[in-house]
Every structure is written in C-alpha cells, then in structure tokens.
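Asker: Here is how the chains run, residue by residue.
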Amino acid sequence: DVKVTQSSRYLVKRTGEKVFLECVQDMDHENMFWYRQDPGLGLRLIYFSYDVKMKEKGDIPEGYSVSREKKERFSLILESASTNQTSMYLCASSLSRVGTGGTGELFFGEGSRLTVL
Amino acid sequence: DQQVKQNSPSLSVQEGRISILNCDYTNSMFDYFLWYKKYPAEGPTFLISISSIKDKNEDGRFTVFLNKSAKHLSLHIVPSQPGDSAVYFCAAFPWGGSEKLVFGKGTKLTVNP
Chain A
334 DVKVTQSSRY LVKRTGEKVF LECVQDMDHE NMFWYRQDPG LGLRLIYFSY DVKMKEKGDI
394 PEGYSVSREK KERFSLILES ASTNQTSMYL CASSLSRVGT GGTGELFFGE GSRLTVL
Chain B
429 DQQVKQNSPS LSVQEGRISI LNCDYTNSMF DYFLWYKKYP AEGPTFLISI SSIKDKNEDG
489 RFTVFLNKSA KHLSLHIVPS QPGDSAVYFC AAFPWGGSEK LVFGKGTKLT VNP
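Here the protein sequences come in this chain order: A and B.
First residue of the first sequence: 334, per our numbering; consecutive thereafter.
First residue of the second sequence: 429, per our numbering; consecutive thereafter.
Mixed in with the good hints there might be a few duds.
[To be verified] Pairs of lysine-lysine residues, derived as BS3-like cross-links and limited to a Cα-Cα distance of at most 25 Å, are as follows: (1) A/Lys351 x A/Lys404; (2) A/Lys390 x B/Lys482; (3) A/Lys404 x B/Lys433; (4) A/Lys388 x B/Lys528; (5) A/Lys386 x A/Lys404; (6) A/Lys390 x B/Lys433; (7) A/Lys403 x B/Lys433; (8) A/Lys403 x A/Lys336.
[Stated by the list, open to error] Under 10 Å between C-beta atoms, here's a sample of chain B residues computed to sit facing chain A: (9) Lys466; (10) Thr473; (11) Asp487; (12) Thr491; (13) Phe493; (14) Phe531.
No wet-lab data here; the hints were simulated from the structure.
All C-beta atoms in this analysis are idealised placements derived from N, C-alpha and C, irrespective of residue type, glycine included.
With the rest of the complex left out, here is chain A (with noise of 0.2 Å):
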C-alpha cells in the first residue's frame, strides 16, 4: 500500500513563526501535492513538485514555500505564520500520468491541523 506520513498532525504556531510541514511517500511516486482544506472551501493547491528540485505554483501559493530535496519528501513552509493560515493541510502524492499509463490518482496522508494564535 501507498503511504504518505504527515509529519505532525496537529500543531500550534504563535502569529510571525516560521512553520515546517514534513511529508514523506514510500512508492517513488514522481509528483508530490500540498493542499489546504478549508469548511465550504473543498480542497485548494498551494504548491505542486513534478521532481525534484522542481515546483509549480498552486492556485493559493502567497505565504507559502516548499522544498523538495528528495524524491520521497515535500516540505511545506510558512516563512511567518498568520491567523488566516489556520487550516487543515493535506500532502498528497501521484505517479505521473504521462508515460506511465497511470491513472494519476493522488494519495493523501492524514493531514496536519495548524492553528495559528
């Protein structure tokens, strides 16, 4: 089985912290995803990794970074943390689409809940 591990699966952050999001996929899947869920919002990108060293900005990428150093690990960062960055944050990986014959179906870890006072 796939399986993204979140690194902590709730935090809590004070307003102007710098916050690391760890995530790690055990199946060398190519593309890594981070996602914040939000009540009536659905699920919203905010950055994407097709390699490593790569990267693609989501629909919501403003105050937030991420690294990808490894195949298997996506990290998320808030250089400084704010109150409207309270959410639930969900890393996902796929195996590419292209040349694989693969559905590109995304597998998600159990998320992260930070709060930021």
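Could you slot chain B onto chain A? The hints should help.
Answerer: Chain B only, in chain A's frame:
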C-alpha cells in the same frame, strides 16, 4: 471561476436507501474523473473513477455515471450505510496529461440509522 461544482453542500439519507451525489463541470477539457471520500481529521481516500470515454463504472455498492453532453457526473451508493457518512469530493483531470486534479468543494453525506 469554479470548474468542478458540487452544488449540494450536504445530503441526508436513511440507511439502506440510495445516496446520489452530484457533480457538474464547466470545462469540456477534462479526461478523467474521480471521487474521494473524507472522514473528519483524516486525509481523503480514493473511492472510484471514470474515464471520459465511458459512461458508467461500478465497484461494489458504488457506481459513477458520466453524462458528457450535460457535463454531469453522479455517484450512487446502494445501499447506504452509516459508515458512508463523510464528505465526498468530485475531482477531474484536465486533458493533455495534466497532473493537477481540480476538486469540487465537497458534499457532506449523512446516513441515518
């Protein structure tokens, strides 16, 4: 502009009856559709998918129907069980090998015993 729409934020159904969750899309350039289920405090899990070249896909109690002319898909759960109570997300891949799923906002299904 939202390309994948789930117009019902919530749905309540009696145990044993059929649950029908609907999803509309505004862009014809989607080639693959998926449904995800999400319980509180957990990540979404893949449920069922359908290619744009098909109009139906079935997996046990779950069936997805695709009506391309109406740009509409639906998820049928028969019979519904209390354990099906969750938020259901419809999602679609754009044509051309895009790796980025476009998600709807979700429908919260409650199955009452």
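Asker: Each hint: holds or not?
Answerer: How the hints compare with the structure:
1. A/Lys351 x A/Lys404: holds (24 Å)
2. A/Lys390 x B/Lys482: violated (32 Å)
3. A/Lys404 x B/Lys433: Judged against 25 Å, a Cα distance of about 33 Å means the pair is violated.
4. A/Lys388 x B/Lys528: OK: lysine 388 of chain A and lysine 528 of chain B at ~12 Å, within 25 Å.
5. A/Lys386 x A/Lys404: holds (9 Å)
6. A/Lys390 x B/Lys433: holds (22 Å)
7. A/Lys403 x B/Lys433: It is violated: about 35 Å lies between the C-alpha atoms, which goes past 25 Å.
8. A/Lys403 x A/Lys336: holds (16 Å)
9. Lys466: Result: holds, 8 Å to nearest chain A Cβ.
10. Thr473: holds (7 Å)
11. Asp487: violated (13 Å)
12. Thr491: Nearest chain A Cβ about 18 Å off; hint violated.
13. Phe493: Phenylalanine 493 of chain B check fails; min Cβ-Cβ to chain A is 18 Å, beyond 10 Å.
14. Phe531: holds (4 Å)
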